[in-house]
Amino acid sequence: MSPEPLLGATGRAPARHHILSVLVENKPGVLARIAGLFARRGFNIYSLAVAPSEGNARFSRVTIVVDAESAPLEQIVGQLDKLVNVVAITDLAPNDAIERELLLATLSVDDGNRGDVLDVVANAGAAIIDVNALSVTVMLAGTPSACDELEKSLESFAEVALQRTGRVALPRLGPAATA
Amino acid sequence: MQLTGAQALIKSLEAEGVDTIFGLPGGAILPVYDPILDSSIRHILVRHEQGAGHMAEGYAQATGKAGVAMVTSGPGATNIVTPIANAHMDSTPLVVITGQVATASIGTDAFQECDITGITMGITKHNFLIQSAHEIPRVVAAAFHLATTGRPGPVLIDLPKDISQSKMEWWYPTTIEELDLPGYHPEVPLDEEAVALAVALIGASERPVLYVGGGTLKSRATLELRAFAERTKIPVVTTLMARGAFPDSHELHLGMPGMHGMYSAVTAIQKADLLISLGARFDDRVTGQISSFAAGAKVIHVDIDRAEFNKVRRADVALQTNVASALRALDAAKATPLNLDVWWKQIRTWQERYPLVYDEPTAEGPLLAQHVIKAIAAQAAPGTIVTAGVGQHQMWASQFWEFEEPGTWVNSGGAGTMGFGVPAAIGAKVGRPDRTVWCIDGDGCFQMTAQELVTARVEGIPIKVAIMNNAYLGMVRQWQEMFYEERYSEVYLSAELPDYVKWAEAMGCVGLRAHNLQEMHDVIEIANQVNDVPVVIDFRTHTAEKVFPMVAAGASNDDIIVHPLQRGDAR
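Top to bottom, those sequences are chains X and W.
Position in the first sequence (first residue = 1) + 13 = the numbering used here.
Position in the second sequence (first residue = 1) + 1014 = the numbering used here.
Chain W extracted, bound-state conformation (with noise of 0.2 angstroms):
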């Protein structure tokens, strides 16, 4: 059967179980558009390129499965940079293709041309410039084959013009062979000695603590985490990357370590003589000084990655595999029951003294981010998904949501991409429209990507965004007032402009607003009753409000400052 390239790049995504592609058309991705109207495959006409590659994060990481952008050369190309960037950052599975110019064109500086691949070689896990219509099925194989196994990440894959208009013959690969990826092997025999030493430390410990990173979620070991961790009762925390790996509601969970994590979380850590690492990459905003960074703690390091290993923290047992197995492998082991009640005992008055606390908001207003959060948490459907952007309402999210099960929290943690939240809820919301779809935003987040609404309206994608509008950048005045002595620099943004509401309704979308606890009930209900069309609410919150508790930047987590509230109590 003769194909053309084109043709032949969507029938490869169409035999890798592709069914929606978030895009934007332009010249040198032309011929790629016409086969599209032949095609089962969805796709989604995004406002901007930037929306495309988020929608496709948010997709892959509600689904697990890979989420797939194509835009165009040049400009389209580079457009969709900073998604393919936070997809590195966060190891999530992308295939990006972009339109390049004809093959003949390439290095001239032809119109709409750019080096993408050389732009994108830090900061995908490969990337790929097709050379002949022959090798596009093997090359969409091979980026699907490598977006997804192993540590997964970005592939982008570069199309010439005239490649997609050039003929070939159709095959498709059968066999991993055929990929042509002798560098490539994902999957390394256990190291059954590692897994010894690994069951001797814990056997030996008297404070471990499990601490899991987004390699679980990534490795789908959420059970196997359940049934580790119930059997051993050692105490769990979940990094940003890993919400809901493991139920928010269970008791042996201490929630989230790190620069704004529990106080209970960050301590226990620091307090631990044993750190059980699973998929998790001693991340600064989780250790803060590395120097003092559970300075008693022996480590236990399990990563698919092994570059993972004594990269920031030297590890006493390194155990390169997947979560899952690793699990699996230490529950097999059935070490010595461990007699933790000491560290429990001292765990729970952490708990008990240093709840995450907020002041309690008066009826008129303003409105307080975290208050907000948990007035829509309490009203939404079990397994809601929520995604954020990038600041104060991103750490109240999830800080104040409780997350039960994998999948239901969406966010740019690496990168910290502002404007990541509302395409991000688009793409989970197409991956799983069973399910409800909260994004909680920032003002200034909002902004950087709003007009994705529009695509969200018409392509009947209905997802609910409350926006945290405490007129401000509000942690990077978080940051000025405590650490730059109140000398607030660019950082205002102005609750009235733009008006959120009638931007909403401009775009298709339900558009409300809340000053105070009552409106807040009220477009809280309204938002649930609305399942049609995009709502978005206005929810205007105290400016000076911070995030609590915090490690500051380089600080040791010794030096955790809790919520003004709690100030002056003993620790």
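So that you can see chain X by itself, here it is in the shape it has in the complex (with noise of 0.2 angstroms):
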């Protein structure tokens, strides 16, 4: 198992959390197949999104980040590959993977902190995608960690809601073999 350097400060994921990014066929009841096999189980799910891949309506691909803790990650892996609409499964170490992740927020704001909301969002590199006269929302797609400091950050502003989608990930790219 490798370090964990992609890790915040806040620690979400657990120190051992793997990601799987499985592609699945896309029938109806895939997902609940793979929830039903985590649960019955016992593997521990930290976060899951889906969406329809690779150009094609026919498969789906799942990110799930698992907790290797809750369970080997041979287990998890042979256990899943079992289900037949799996097609594939490619285990990400984190430092073998670029993963990404979105963030919503939206936030009371007067003209005291403004000013101050409108820094924080700069320095973390986000947006802000929707104003009216007593809040803003702020986006931020970034690293996990990224995400974990602007949350963060935006705890001493008031939040009205704050909504992250789970973190989708592909392998890292090596250097480019030349043809």
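Warning: the hint list may mix true and false statements.
[To be verified] What the simulated footprint calls covered on chain W by chain X, stretch by stretch (three residues with Cβ under 8 angstroms from a Cβ of chain X suffice, anywhere in the stretch; the number is not a length):
#: 1; segment: 1129 to 1141
#: 2; segment: 1193 to 1204
[Unchecked claim] In silico PhoX-like pairs for lysine-lysine, Cα to Cα no more than 25 angstroms straight-line:
#: 3; chain 1: W; residue 1: Lys-1079; chain 2: X; residue 2: Lys-95
#: 4; chain 1: W; residue 1: Lys-1079; chain 2: X; residue 2: Lys-40
#: 5; chain 1: X; residue 1: Lys-95; chain 2: X; residue 2: Lys-40
If you're looking for bench data, these hints aren't it; they were derived computationally from the structure.
The beta carbon of each residue, even a glycine, is placed where N, CA and C say it ideally should be.
Work from the hints to combine the two standalone chains into their complex.
Below, the structure is given as structure tokens:
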């Protein structure tokens, strides 16, 4: 198991998390099959993101951050692979993956703190995507640790709502092979 | 050719070579029951859907082919959940077809609606909710492919009523690609490196044991097993699910391991330096306390299912393949011959000191189940198929019947489903009408599914049922005696109620009873002469008799409890 440089100070993901990028057939109930398997085998899911994939309506990609403390990764992958609708599983150790996550937060603002909010947003590389007289909605698409840091920075403001998507990931690119 | 979905389903089953469906109709599956009248497939009308499921399992275990059951939606479907779970635990190939309410009604809490694909998700290898009549042939072909290849198991097809009534243009898939199973790859290439490692481990071993599980029967590897065992002289143990995979009469066979296993089989595993696991899964009923199980042994784990590796016990070599190919590969390597003389000498002393024993039965009774089972076996034709329920009688049947060939022992292992024996015997007899089929049952088990003897009588399926009637839920009673200070809680059933002879006769069967040794011999002789209708025998057996050897639940196999007759004997 590799060290854990990507984890933020808040340490929300389990210390031995692994990312499983799972290609599944886009069939009814496939998500229930995966969720049911994790539940009945006692495997813990930290986050799960799913969307159609590969430019093909036939398949979806499910990105599951699993807690490798709850069960050996080999067991999780072996059992997952037995689901007939699971086509391929890529196990991404944190160091081998590019992980991104989306954070949305709506904050109450007034003339007194509006400038502070804008500073935090600018420093984090986030964006303001919605405003009215009393609130702003902030968005950050970034690494999970960047999202952790922004979330921490926003703690001093009055939060109306905060939502994160859970991570998606792809293998980190190695050096390009020249043709 | 235009067909209805219902006609397409039956035609698809015919295309898969199905000769028998065990089932019971109802509203949502009604359309499918019409084309059955025009089909060559035999339909056996059961009295309860659980019976259909266990019959299909008995059929599958006795023939090696997929068993097929068909029931209606709602309660019909939920009644067959137990057999599906049972087949899942024992990797039995099953195709179960359930009717479903019409597509437009799904999700509306319609009459006899239930989410059977949701309910069975965790206890099937896969399940399908059919979306259109056109896909019926593909789904049926895929279901049989999934049920019978790789690690076998139950597959459920849920068929909404409107789809079975709608029209489709007939077709049938002819290639694997047409089954549209992009995520299913049951066979993986043999790992030559793992084979070489396994050969090296075997060559270096001094106290090896072949730990033979149900996967050996599933992959039809019994000839390969015999060849390998005879060449290497490695002792063989066969688990409850593998009885019959290696002849009990063979000198290399130590018998069954586990909680009620042979002393020599249990102890040989404990003292082994190498376990060669062939399609076994280190079940807790075999291992006992896992930390002390075969503590000094390296493990070669052969399994078609890679999720079995390192699940319970760490494997030194994991070989993902079917048992037959693994044994062929290991045999081809022709490792240096082992000298196992010292090992065998040790094993022989265990065998001599701790054979299976029971008290001498008295002439006037009560009978002893062990003795009754031996008496039935002594008069049984070679190749007789034995089924059992779950409990003491099951353990005694496994211990005292000598199994010589595959497919002759049909039982519920992993799930431990009481009531399995009678319907499984009916299914086995349908699949192998040439064989005598005995169900060794308990009185508790018999009462759970006995109504299927009506099915057997009506359909002309002459099985023989031997009830070991000790008036108790005997195995629970045994545990209460041994581990709950003889505080017997809710285990007494009564020997007289029901009257098994009258009940058998009411179901059109021959009913017999035996209290003592003379009657025991007489009724067995009579039962063996009846070959046209089912026979039920009420054997009145000793209430307090217990199964030995025994390893208490969670205890170490080193602390095996032998029969009282053998205690005080230095180990």
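Exercise. Are at least 3 residues of the segment 1193 to 1204 of chain W within less than 8 angstroms of chain X when you compare beta carbons?
Worked result: Our answer is that it holds, as 4 residues pass the Cβ test (under 8 angstroms) against chain X, meeting three.
Exercise. Within a Cα-Cα threshold of 25 angstroms, do Lys-95 of chain X and Lys-40 of chain X meet the stated pairing?
Worked result: 16 angstroms, holds
Exercise. If you draw a straight line from the CA of Lys-1079 of chain W to the CA of Lys-40 of chain X, is it 25 angstroms or shorter?
Worked result: Violated, at roughly 29 angstroms.
For this session: Assess, step by step, whether the Cα of Lys-1079 of chain W is no farther than 25 angstroms from the Cα of Lys-95 of chain X, and give holds or violated.
Result: Distance of about 22 angstroms is within 25 angstroms: holds.
Exercise. At a Cβ distance under 8 angstroms, does chain X reach at least three residues of the segment 1129 to 1141 of chain W?
Worked result: holds (count 6)
Of the numbered hints stated above, the single one contradicted by the structure is hint 4.
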